[in-house]
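Make the full structure from the sequences, and use the hints.
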Amino acid sequence: MNAQMLIFYLFATILLFAAVRVVTARNPVHSALYLVLSFFTAAALWIMLQAEFLAIVLVLVYVGAVMVLFLFVVMMLDINYDTLREGFWSNLPFALTVAILMAAEMVVVLAGRDFWANGSGSVPTLHGPGYSNTKELGRLIYTEYVYPFEIASVILLVAIVAAIALTLRRRKDTKFQDPAAQIAVRRNDRLRIIPVAADTKLMKKPEDAPQSEQTS
Amino acid sequence: MEFLQSLLGPLWPLVWTLVKIVVIVGPLLLAVAYVTYAERKVIGYMQVRIGPNRVGPLGLLQPIADGVKLMMKEIIIPSGANKKLFLLGPVLAMAPALAAWAVVPFSPELVLANIDASLLYIMAITSMGVYGIVLAGWASNSKYPFLGAMRSAAQIVSYEIAMGFALVGVLMAAQSLNLVEIVNAQKGTTFFSWYWLPLFPMFVVYLVSSVAEINRAPFDVAEGESEIVGFHAEYSGMAFAVFFLAEYANMILVATLSSLLFLGGWLPLFDIAPFNWIPGFFWLMAKICFVLFLFLWFRATFPRYRYDQIMRLGWKVFIPVTLVWLLVVGGMMQTPLGYLFH
Amino acid sequence: MTFPMPNLTPALPEIFVLVMVSLILVIDLFLSAKNRFITYALTQITLLGAAWITVSTHGSAPQYTFSNMFVDDAMSDVLKLMSYIAVSVVLVYSRSYISLRGMFRGEFFALVLFAMLGMMVMISANHFLVLYMGLELLSLSLYAMVALQRDSAISTEAAMKYFVLGALASGLLLYGMSMLYGATGSLNINQVATVIQNTTGNHVVLTFGLVFIVAGLAFKLGVVPFHMWIPDVYQGAPTAVTLFIGSAPKIAAFAFVTRLLVDGLQGLVHDWQGMLVIMAFLSMAIGNITAIAQTNIKRMLAYSTISHMGFMLLGFLSGSLNGYSSSMFYVLVYVLMSLGGFGMVMLMSRKGFEAENLDDFKGLNQRSPWYAFMMLLLMFSMAGIPPTVGFYAKLSVLQAALQAGFIWLVVAAVLFSVIGAFYYLRIIKLMYFDSPVDETPIRPEGDMAMLMSTNGLAVLALGILPQPLMALCAYAIQRSLL
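Chains as they are written, first to last, in our numbering: chain P, 1 to 216; chain C, 1 to 342; chain X, 1 to 482.
Do not take every clue at face value.
[Claimed, not checked] Some but not every residue of chain X turned toward chain P, in silico, with C-beta under 7 Å:
id, residue
1, 51
2, 52
3, 64
4, 67
5, 137
6, 147
7, 150
8, 154
[Claimed, not checked] Computed cross-link-like contacts, SDA-like style, restricted to lysine to any residue with a CA-CA straight-line distance of at most 25 Å:
id, chain 1, residue 1, chain 2, residue 2
9, C, 143, C, 41
10, P, 172, X, 149
11, X, 34, X, 95
12, C, 316, X, 351
13, X, 351, X, 185
14, P, 135, X, 185
15, C, 316, P, 21
16, C, 83, P, 21
17, C, 316, P, 171
18, C, 41, C, 55
19, X, 161, P, 155
20, X, 34, P, 165
21, C, 83, P, 171
22, X, 161, P, 80
23, C, 316, P, 165
24, C, 316, P, 184
25, C, 316, X, 32
26, P, 135, X, 4
27, C, 84, P, 21
28, P, 175, C, 312
29, P, 175, C, 305
30, X, 351, X, 4
31, C, 143, C, 233
32, C, 41, C, 58
33, P, 172, X, 28
34, C, 83, P, 175
[Stated by the list, open to error] On the chain X side, residues computed to face chain P include the following (Cβ under 7 Å):
id, residue
35, 69
36, 114
37, 136
38, 144
39, 160
40, 208
Hints in this document: simulated from the structure, not taken from any laboratory. Built from N, CA and C at the ideal position, the CB exists for glycine as well.
Written as structure tokens, this is what we have:
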């Protein structure tokens, strides 16, 4: 086997191991970190398929933002793992039966010769060095697929609106500083200069001191 | 070369790549150590005092002394701390800082991996730097480092967006994600053809956002050494040192990226006779040093931002500015003014 | 790069609604609490404007745009118009209810309009991807609306259930769509239909994908065995949101089923017919039988929804144009009845008091004879008793199924219908023959009172003259499925 197959099997093994550990790890933070590892290796596999834009965006968005937020929540919640797993063994027989039934049916269908008959598995064409996955995707998204793209942006807007509608609470009695107002302060708001006539009378004798004080 | 190639056969690309990596990372780590020295000296002189001058001539061996001290110190692991994650934190902080150097071109030929999506790669890898901080804070099993880590992570994620938009501006101007091509697109006779001029708001936003990304003053409320407990409070010895190495490595990376993207990379100041003779590599080094000096200057001069001010700046000021400037750049490119870009 | 600018005229209603909802979001930021009625007014104006645009851009032949992903045909125009009317009525009914419960916020109206936009996208979709995105847009808005009364634990729980189950169903739907893509090589509904007709697709793969797609569809419609979310969500959500969920999205679900099964997978009709038979039978059975045991009106109406959806499927499984138009008629009639039913529950609710239990309807005739009469008409219609329109809806659907040869299914449907009539008639008995538990007079707001009366009388009027609506449905189906 050549180097490419070796690298593929390496990444695939790590991916499978990490995916299994996501589900079986005891500590939820470990679970989330294994998920990060599986995303990373999945991205590596995609690069091997010449989809480098998708791979890098997977790391950028999923690992860089989504998993960070996952970790925030998992770390801040006091997850008592034992109470979470309480019903596991009593529910297992029923769950296993349903799962095995579904898996068996799917295997019977997928493994039948008819399934793969009409050439539904073809190798994707490998492109030359001038091929830019980013450019091709950009070309398609903004021309043919611009309608679903716009709807996707509306879905993101709904997510923002919903998140704020569900969680924003303003306590009426909290006092907080407004940095924008602090920066917009003018000199005249804080300082007022009052001209005061200078005391021009010179003190001649010590007895004159109270008199000169009255003029200021 | 050919002898070695035939000797190692199929392993040759691997070995050659390892050699290239060592050639990049070795001097980088040395540079990181001496940037700490430069910082103490520069800030010292700005504060009308001399920096370190005891260890070695002019204090030049100071970083070595610091390194030896940190290596000899005991790494204390708090009881109840998750040991594996505690030690993984510094690793995850350092790794992205080093991995991003794989695509940085030092001259049109000197680049480890000249990939077409290098700008995107750098954005992705630097966004992984958050994990080291979050893990460090959580694995310390201590309230204040945890809060500091959450603050820092929120700050980093917020400024990533503004940085991303600034880089999109550069992408639009250069019409390529390849760092080599971005620098080449800035070629012109004078330094007015570099991107700092037509993309000036983007340049400023990128510079400031990257200072915030690497947790440097004046945005270092997460580490705020003098006033507030940061995410690395429980770390000591070499683990602590790795965090700071990561921070300075990130600083150099950001300075390099600013020089490549906005200051013309290896292009000379004026494309005429005496300037042309100096190789591009030295021009790049000069620009990197200039930007690093800017960062040190920031640290010496500005008071620390408060956390809510940092958040407000990232979300309410930088993102609208970059969005608006993206529209302006897009508009400019459709008009005859587009000659500014190519 | 020469790419022609897509023709925006057929999509003008969607563009208008999107622009208006963005404007409403921004304008609402600057309104104080007492000026919030402006948001409400703007929302109604948006619906009115969209209706006007839809009517003026109506053409005789289907118009395709956006790289054949968007279709504007007679069915989409009729369904969109009906959705505008339904959403408008929902807003009028809900206005006083939500202002008494602190839900009268700009986000409520924005989410309603976003859900409306999702429905419009689904109704006009000609591409699997667009169909799915419209579904997600609608679903996300609904999840948020169910949880909008955030201090209520029941609402939050209902929203969580809806969200988790909905996400699972979307996953199943996507899996089925990807299988279909693998078998036919295209996501465009017209092309999929062509490939299936020319039998160049792999039949086993197609059926495999079809199963998952029908599962996803069944969830959205709320038929057995994917009906578990309906009673909990209908009961837990604030009644205004239940009213919304129970009405307009059903129109969109009908369009969803039509576009997928009829437009796209007509070639596989023998495969999905069998599945629909089972689902329809079980829905009518379980829906009607379980509703008998309920004491909570919202839950009872939820189970009756399940049975009504089973009836609607009877029209689909006949596989004929007549059957599809009778299904459409059934859906529109059901929406009318559902608006009235949940509207009555809101009518009788006051601040701090939800008229959720059957006992709250006791003696309604003595408290307010007119509204008791309205409820009588609505209950008769739901039970399928002439001369209300519900009878004609059931009749047309049963006729279509009979013509397709499903005699035993029709007999079973009639049987379950009779069993189901029990709980509708029980309400009527409570209203007319029991003495009231709660003596407070019922004084709804002017616009709600008028609309409720119109709603009830429409049920009767359409029952006496069902031909215009039926002709409209037949026209819509015939003009779009050629």
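Exercise for the section: Given the hint that residue 316(C) pairs with residue 21(P), test it: the Cα-Cα distance must not exceed 25 Å. Expected result: Judged against 25 Å, a Cα distance of about 40 Å means the pair is violated.
Exercise for the section: Report holds or violated for the interface hint on residue 150(X), using the least CB-CB distance to chain P and a cut-off of 7 Å. Expected result: Holds, about 6 Å.
Exercise for the section: Quickly compare the C-alpha distance for residue 161(X) and residue 80(P) to 25 Å and report which way the hint goes. Expected result: Cα-Cα ~22 Å, so holds.
Practice task
With a cut-off of 7 Å on the beta carbons, see whether residue 114(X) makes it to chain P.
Solution key: This interface hint holds because 5 Å falls under the 7 Å limit.
Handout entry: Restraint satisfaction for residue 137(X) [CB to CB of chain P, less than 7 Å]
Key = Interface hint status for residue 137(X): holds (5 Å vs cutoff 7 Å).
Handout entry: Hinted pair residue 143(C) and residue 41(C), Cα distance within 25 Å
Key = violated, 35 Å
Problem - When the least beta-carbon distance from residue 51(X) to chain P is tested against 7 Å, hint result - result: With a minimum Cβ separation of about 20 Å from chain P (threshold 7 Å), the hint on residue 51(X) is violated.
Exercise for the section: Closer than 7 Å between Cβ atoms is the bar; does residue 208(X) clear it against chain P? Give me holds or violated. Expected result: holds, 5 Å
Practice task
Assess, step by step, whether the Cα of residue 316(C) is no farther than 25 Å from the Cα of residue 165(P), and give holds or violated.
Solution key: OK: residue 316(C) and residue 165(P) at ~20 Å, within 25 Å.
Handout entry: Hinted contact residue 64(X) with chain P - closest CB pair below 7 Å
Key = Violated, about 12 Å.
Handout entry: chain P contact restraint on residue 144(X) - CB to CB distance below 7 Å
Key = Given a least distance of 3 Å, the restraint on residue 144(X) holds.
Practice task
Compare the distance between the alpha carbons of residue 161(X) and residue 155(P) with 25 Å, and conclude whether the hinted pair is satisfied.
Solution key: holds, 20 Å
Violation of the numbered hints given earlier is confined to hints 1, 2, 3, 8, 9, 12, 13, 15, 21, 30, 34, 39; the remaining hints are satisfied by the structure.
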